Amino acid sequence: MIDYRDAWARQKECVARVIQGGPEALLVGEHPAVITLGRASRAEHILAPRPELERRGIPVIEVDRGGDVTLHAPGQLVIYPVLNLKHYRRDLKFYLHQLEQSVIDFLNSFGIVACRFPSRTGVWINDKKIASIGIGVRKWVSFHGISVNITPDLRLFSLVKSCGLDAALTSVEAETGEKTGMKEAKNIFIETFIRHFSGLKGLSYA
Amino acid sequence: MHEIVLPELGEDINNAIVAKWHARPGDAVREDDDVVEVVTDKATFHVPAGCRGKIREIRVPEGGTAEVGGVLGTVAPD
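These protein sequence lines map, in sequence, to chains A and B.
Residue numbering for the first sequence is 0 to 205, as defined by numbering that gives the first Met the number 0.
Residue numbering for the second sequence is 0 to 77, as defined by numbering that gives the first Met the number 0.
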């Protein structure tokens, strides 16, 4: 479990390194409950009164990613790839799609069939959202990323209007009825992600 | 005078919304400084000054829309 601000500081270090030509990084973890506001956020999309959030110790942090309000909580896998997009394609939509695709492939390994909506970002199971996306790019190096609900307490999401949408949220646990371990989920995701993105780079994954 | 231009951000992306200026007119900037953040869909993109000097003018304010290739602001070179 890593505090959101600490993870954000780690990302910044990685971004600086990748801009200097250093190795790309993939940060994967979990945050204690936190609400973050992307650049397209609207204050009214935080549904809970501020005093309630303070009482529950849930901070609200403004961040330089795309997208609206989102909530992170234990049981949700947060994925922050710090990639040099010049090695793939200088295309923001292409990167967002590939990131979503890596999550769709990951969910497939749990027997879950998920998809993208043409007009909406994130990853969906019918009309329920399982993964939320929001990225930042500096000198064509990516940061922020995507979060996938594995086993979070889904009631927490009623504190916000996630991504400004009225859609219900779901999780791997809710879809499969099984309590997947976070460590297992993390390992499976990393393997899926590396296979997917190294393929895009034209490298083989052994 | 140097123009800070909204670069190509990918296929099918024709414009972006200016989310935040990190510099004001008169501020000294270096070539690599990210001076303005633009948003498209679920992505923010940081645009560098591209030239050492002082910010002269902000052409597209926060909340405004810029076309790819359009001028976001200008820098008076040192």
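The set of hints was computed from the structure by calculation and includes no laboratory data.
Incorrect hints may have been included.
As the list claims (entries may be wrong) - No farther apart than 25 Å at their CA atoms in a straight line, the calculated lysine to any residue pairs in the SDA-like style are these:
1) B:19 <-> A:166
2) A:160 <-> B:49
3) A:85 <-> B:75
Stated by the list, open to error - Partial list, derived from the structure: chain B residues whose beta carbon lies under 8 Å from chain A:
4) 1
5) 19
6) 36
7) 40
8) 44
Computed from a predicted structure; not experimentally measured.
Quick reminder that beta carbons are idealized off the backbone N, C-alpha and C, glycines included.
Hints versus structure:
1. Pair hint residue 19 (chain B) plus residue 166 (chain A) does not hold up; C-alpha atoms about 28 Å apart against a cutoff of 25 Å.
2. With a C-alpha separation of about 38 Å, the suggested pairing of residue 160 (chain A) with residue 49 (chain B) is violated against the 25 Å cut-off.
3. Restraint check for residue 85 (chain A) and residue 75 (chain B): not satisfied, since their Cα atoms lie roughly 29 Å apart, outside the 25 Å limit.
4. At its closest, the beta carbon of residue 1 (chain B) sits 18 Å from a beta carbon of chain A; the interface hint therefore is violated under the 8 Å criterion.
5. With a cut of 8 Å, the hint placing residue 19 (chain B) at the interface with chain A holds, because the nearest CB-to-CB distance is about 7 Å.
6. Interface hint status for residue 36 (chain B): upheld, as the beta-carbon distance to the closest one in chain A is roughly 6 Å, under 8 Å.
7. Proximity of residue 40 (chain B) to chain A holds as hinted, the smallest CB-CB distance being about 6 Å (cut-off 8 Å).
8. Because the closest C-beta pair between residue 44 (chain B) and chain A is about 5 Å apart, less than 8 Å, the hint holds.
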